[in-house]
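Residue numbers (my numbering), protein chains in the order written: chain F, 40 to 159; chain D, 28 to 651.
In short, the hints are calculated from the structure, not lab data.
For clarity, every value in this text was computed on a predicted model and none was experimentally measured.
Mixed in with the good hints there might be a few duds.
Residues from chain F that keep clear of chain D, each with C-beta distances beyond 12 Å, as calculated [said to hold, decoys possible]:
no., residue
1, 50
2, 137
3, 139
4, 143
5, 150
Label-pair ranges, simulated between beta-carbon atoms [unchecked claim]:
no., chain 1, residue 1, chain 2, residue 2, range
6, F, 61, D, 152, 24 to 30 Å
7, D, 562, F, 146, 40 to 46 Å
8, F, 70, D, 586, 45 to 51 Å
9, D, 57, F, 151, 46 to 52 Å
10, F, 61, D, 47, 40 to 46 Å
11, D, 363, F, 151, 32 to 38 Å
12, F, 81, D, 85, 32 to 38 Å
Idealized CB from N, CA, C, for every residue including glycine.
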Amino acid sequence: MRRRRLACVAGVLPALAVTGLLLLALTVAGGPALLRVPLAVGFFLFGPGAAVVAWIGLDDPITEASLAVAVSLALDLLVAQTMVWFGPWSPAGGLAVLVGLTVASAAVRAGLGGPSSQPA
Amino acid sequence: MLSAAAAEGESGGVLAPRRGAAGPLLLAGGAAAGWCLFVRRVGAGDLSDYGLVSALPVGSYVAVAALMASFAWALTRQPLPRWLLAGQVVALVVVLHGVTAIVEPLPRFSTAWFHSGFTEFIARTGRTMPDYDARFSWPGFFALAALLTKVAGFDQPLVFLQWTAVVVNLLALLLVWNIAGSVTDDDRCRFVALWVFVLGNWIGQDYFAPQALGFLLLLTIVAILLRYFRGDGGVAALGALVPPRAKEAARKIVARSPLVTGPRPDARGPLWAPGGEAAPGVATSARVALVGLLVVLAFALVVSHQLTPFLLVLDTAALAAVGFVRLRFYPVVVALLAVAWLSFGAIAFWKGHLHDLFGGLGNVGAAVGASTAQRIGTNVAHQHVIAIRLGLTAATWLLAGAGLVRRLRAGYGPWPMVLLAVVPFAMLGGQSYGGEVLLRSQLFALPFLAVLVGFAFFPSSGRGAGRLGLAATALAAVSAVLGAGFLVARYGNERFEYFTAREKQAVDYLYRVAPPRSSLVALWPTLPWRYKLLDEFDYPTFEPTSVPDVATVRRMLDSAAPRQSFLIFTRSEEAWGELTYGMPAGWGDQLLSALDQSGEFRTLFANRDARVMVLTASAFGGGG
Chain F
40 MRRRRLACVA
50 GVLPALAVTG
60 LLLLALTVAG
70 GPALLRVPLA
80 VGFFLFGPGA
90 AVVAWIGLDD
100 PITEASLAVA
110 VSLALDLLVA
120 QTMVWFGPWS
130 PAGGLAVLVG
140 LTVASAAVRA
150 GLGGPSSQPA
Chain D
28 MLSAAAAEGE
38 SGGVLAPRRG
48 AAGPLLLAGG
58 AAAGWCLFVR
68 RVGAGDLSDY
78 GLVSALPVGS
88 YVAVAALMAS
98 FAWALTRQPL
108 PRWLLAGQVV
118 ALVVVLHGVT
128 AIVEPLPRFS
138 TAWFHSGFTE
148 FIARTGRTMP
158 DYDARFSWPG
168 FFALAALLTK
178 VAGFDQPLVF
188 LQWTAVVVNL
198 LALLLVWNIA
208 GSVTDDDRCR
218 FVALWVFVLG
228 NWIGQDYFAP
238 QALGFLLLLT
248 IVAILLRYFR
258 GDGGVAALGA
268 LVPPRAKEAA
278 RKIVARSPLV
288 TGPRPDARGP
298 LWAPGGEAAP
308 GVATSARVAL
318 VGLLVVLAFA
328 LVVSHQLTPF
338 LLVLDTAALA
348 AVGFVRLRFY
358 PVVVALLAVA
368 WLSFGAIAFW
378 KGHLHDLFGG
388 LGNVGAAVGA
398 STAQRIGTNV
408 AHQHVIAIRL
418 GLTAATWLLA
428 GAGLVRRLRA
438 GYGPWPMVLL
448 AVVPFAMLGG
458 QSYGGEVLLR
468 SQLFALPFLA
478 VLVGFAFFPS
488 SGRGAGRLGL
498 AATALAAVSA
508 VLGAGFLVAR
518 YGNERFEYFT
528 AREKQAVDYL
538 YRVAPPRSSL
548 VALWPTLPWR
558 YKLLDEFDYP
568 TFEPTSVPDV
578 ATVRRMLDSA
588 APRQSFLIFT
598 RSEEAWGELT
608 YGMPAGWGDQ
618 LLSALDQSGE
628 FRTLFANRDA
638 RVMVLTASAF
648 GGGG
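Isolated chain D, as found in the complex (with noise of 0.2 Å):
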């Protein structure tokens, strides 16, 4: 172990007095007992417009609120107890990200049991449907998943996506802990820096999905380069870009700024300098063999998701343009890796979809626009969440800009992080990926931002026991601020991403019962439905804006005529009409009555929950 005076690297201070970590110990256990106590089922009924929020119990918000004290506690202790901290940040991904796989009684959010879909065309068949949908034409994720899902002896893959969330931030922690290694060897920081990363992500791409996987390929790529491929010639090349005058004229700014206490910088290094842990010295044949996985990773990146590879390629290339890592070659070849998929691997997408690809280029607007505007409803509770999402992204990027300045106080200049964490934000100038682009920018922004953040409370190692206090306060006093934001962000939307055992059963009926080639409807794409025989059904939605009449649901369900159509209206539909549209509360009722009493319709199915209907005149309906 290194001993005390080591570990203050970057200072060579003074030993500090030992504090027992007992006390976080105690309280950590205490939280985690208490939330495990507290915690408990959470029904429909229980959901407001703000989600998931309202639902959970006001003893399981105390011992969470316990859990973030006990972290900045630990912060403070001598020598830093690192298996504790690590222990509470696992337990916050458990309880931000696993809380819905523990409460709710099925997996959440539709896209994923669409994603299920996929999974099990391929478990069934072998083959993709490129022609089916977009994604189909990168079904890497998918065909990795079939394989997982009929090696653990099943025939869908449902029972993964509850926990899938869990995994995917644990993973993603040991990539920001490598990543903060890379400018700072403080340990207080870098797990700052997880426990920020953790409150962030609210963003909500952790899900079953080909961008989980995307997200953590590209990170290992990032955290690689970084560690293994750091050039220095950048380095010194930007600061002699810059003229020494406004170097120094930014010295002074960054000294005299209100956000920093305490002595000025001294000359402990160039300004300009990353810090962080010395490469290591790897033998040349391991560096050889990193490069070779480093391009397998890419090639298994390029053939399962649509967007990343770019990013990587910005990311990458953004690097090597600097100076910060030193394989120039990198983002030429996945750049060649992924114009080669999209060419012969994706035709099916690139022959339909060739403007949705780059009619986007240059549209900067559109893609922000698409971004915000267009996806905020006339539900006031539901505009709140998206205010709340829009004031957590500025939070993040204000303390992390405050990081940034306290860092270069100190000494260092964690260059890279600010460059990664901009970057992924120039892809607005490339697509609007259907509104979603904002969203998956901050995401591949975040373990950036989040190391910065670190340097917000911790911007060097070596502080008086007085400081460490102060910043382990201010630490739980934000901590609680995110983690009240996070919950109302990613769980924010739960009236229509919240799934019961009474909707499945309206979908496991429909599956039963629906002859192959039949059409089975909905309003919106809100259900439980969709994870298996993509192939065996159509499944259109007509997306009314405003509460439909009788006349347009005949419509819609005789348009598959001669094939016979099924109607399924869910409680989790009604909620999305509410939210998004403003719709009045219990339309969904009147429009089921008005359906019932137009003598047109015959109730097949009903629970409290769901109804599956088919217009009488149809074989189904006892007609025709």
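Here chain F stands alone, though its shape is the one from the complex (with noise of 0.2 Å):
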């Protein structure tokens, strides 16, 4: 029985990518808080983990939500703690790895039309 897939993560990836692209640009410019705020939330939420969940290709929208949230936040925490172990500081830096990750992820999707989800 084949379900109607609903909004899938492989779906908003392209809105977080920029999402990510715009906080990235604020965040080097030092723009207002009240814009960074949830640009940034939604980002660390979604944005990683979704760059990697959508290649995946899974059967249910949200599984593939709450998956991409746990691998963002893990992908997230990876980045940040790794700055903290081996290299500099640069939350700038470090936001600059997680937004090319989920930018990298959306234009080869875009560009190769993606590969189909599994049917259910």
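Since each chain comes alone in its own frame, lean on the hints to assemble the complex.
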């Protein structure tokens, strides 16, 4: 029985990539917190995870969404933790890595037309 | 959209007549509007010894009751109004978990402020201080928060504290939905599971803390395992382990159970089968990717929280051992990661705290004792709050038990839920974790208990209209009781967990005026401090168990000499003394008068809610 797909992670990915770019620009330029807080929360919760999960092709949008959140948090955490352990502490740099991942994933999907999701 | 017949997947039941959702929608809308209208700012003086519950206006309670009624009503509608139900669950999260963000002026709960301090340190310096506190040896959450804080344009994360609980609970709802889907495809039951999870999460480990992140990560891992790596071998093997006569006896007991009405279970499927959505057919490459992600999630968990990785090992090992899940190597991987981190990454903690970690091994009595008895104070209202928490826990378990029986009667065995509800309590044999193990065990059991409670009301789809109405009415009644209990259990300590702007003014005064390396002294840590500059000051607390006298206070301020000491005493500290140690009402004002009259103390800052004082003999006091 085929389930009609609701808005799924792959569909939101371009929007998340744009959010990430906006956020990076605002962070580097030092923009107002009123704008940066919602963008930051939205991107950190969904962006990097969506970049990864969109490629897996899961069957259920709610599973995809919740996995995207967990993977986002894990990737954000690992980037932050790596900076604490090894590298220079550069929030803008860490953000650039995460945004880069999201933008690259979105770009490649847009370019390729993306692998189609698996039928339920 | 699935046809109604297919939606009645488990029974292939008759199509029910259409019943519109306009009524519940209107009621829910009215409830939401009413709540927004009635809810207003709460002052510290409005709080009683039972906390927030006495400070909220009656109109808001009526609105919440209407919301609960509208949810139960919506569950009886055909076809099931999923968007309305989802909206009602979200509204419940806001009303229960977001109320303090709306009615209180500042973030609550001093530990959250302390975590802000860890975050601010990393955000400022890019390092951790593992020798400062055990939590810093698991810095993952704080590093993540520090990155988010700086990117959002702040130096410390206070702006995020008040809404963390709402966000965490909303994210958890997605996971509970998934987890419920592994043992049922009846959306009514799944929505009840979400509802009961929200009501049952009075435990309060969803604030700005590593535990909240750990909870979400663990649930995500378990949900993925249950959905994509389901094993069936164990189910049949489990059945084979039980002798046929025992199985028959169990079947008879279940059939005669007084909780169950209706037709006897027919042979719809093996009694021990978990039910639920058929394991989805995803490609092997997808499964490989998922395994990779599960390891990444495990690694993030291992560096973020001390306790949760071991619970994950217990959960996944139990699931694999019984055969509910196929990935047998996964618990081993998690265990190796956790032990590796403990050995190499968390050395500072390990050196100083070996006894704390393993001293409680096997000593269940100490763990339970520390969890219950030692946390009970001598204030009567406070003891009532504790009793209500225990009562809510017992009620959840009883309802879950009833749900298990009803589900068995319907012909399915939701055993993964039972297993995962019980396994967290194995932690009681591990360590006492500062006396909080019982609470955390209940937290990790809650999502699975909530699914079982869902079965208590809707054990299978395909019920007649009358049955739906009865179940819905029962649910509304139970919700009202659980909801009232929630507000007392969660916010019963509000007198010392709520902070006023005036208290923060005193803290900020201290931060402005105190020279680096000063000693900032409080009686207990229940005030809005330590949210920044953890490395610049000492923050000793002398934690008296009875009203301190002038000599004790003087000794405390002397102890850091020749460094300057400052005493900060707030309304919330006074409340802690009253509620935890039964100190008489107004004892704080009496203490302050005594200090004033002694002539040994000089007040540097005073407002209605807080005082900052120094010894007159010290540099800031004008002497020395």
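Exercise for the section: Return holds or violated for the Cβ distance of residue 70 of chain F and residue 586 of chain D against the range 45 to 51 Å. Expected result: Cβ of residue 70 of chain F to Cβ of residue 586 of chain D: about 47 Å, so the range 45 to 51 Å holds.
Practice task
Please test the hint of 46 to 52 Å on the beta carbon pair from residue 57 of chain D and residue 151 of chain F.
Solution key: About 50 Å separates the Cβ atoms of residue 57 of chain D and residue 151 of chain F, which means 46 to 52 Å holds.
Problem - residue 139 of chain F and chain D, when compared Cβ to Cβ, separated by more than 12 Å - result: holds, 14 Å
Exercise for the section: Run the C-beta distances from residue 143 of chain F to all of chain D and say if the shortest one exceeds 12 Å. Expected result: Check passes; 17 Å lies beyond 12 Å.
Practice task
Return holds or violated for the Cβ distance of residue 81 of chain F and residue 85 of chain D against the range 32 to 38 Å.
Solution key: holds, 37 Å
Practice task
Mind checking the hinted window 32 to 38 Å against the Cβ distance between residue 363 of chain D and residue 151 of chain F?
Solution key: Hint holds: Cβ distance 37 Å, inside 32 to 38 Å.
Handout entry: Check on residue 150 of chain F being off the interface with chain D, judged by Cβ distance over 12 Å
Key = Fine: 20 Å to the nearest Cβ keeps residue 150 of chain F off the interface.
Problem - Exclusion check [residue 50 of chain F not at the chain D interface, CB over 12 Å] - result: It holds; residue 50 of chain F is separated from chain D by about 17 Å at its closest Cβ, greater than 12 Å.
Practice task
Take the C-beta atom of residue 61 of chain F and the C-beta atom of residue 152 of chain D, compute their distance, and say whether it sits inside 24 to 30 Å.
Solution key: holds, 28 Å
Practice task
Please test the hint of 40 to 46 Å on the beta carbon pair from residue 61 of chain F and residue 47 of chain D.
Solution key: holds, 42 Å
Problem - Separation of residue 137 of chain F from chain D, once the least beta-carbon distance is taken, above 12 Å - result: violated, 9 Å
Exercise for the section: Look at the Cβ atoms of residue 562 of chain D and residue 146 of chain F and judge whether their distance stays inside 40 to 46 Å. Expected result: holds, 42 Å
In this structure, the one hint that does not hold is number 2.
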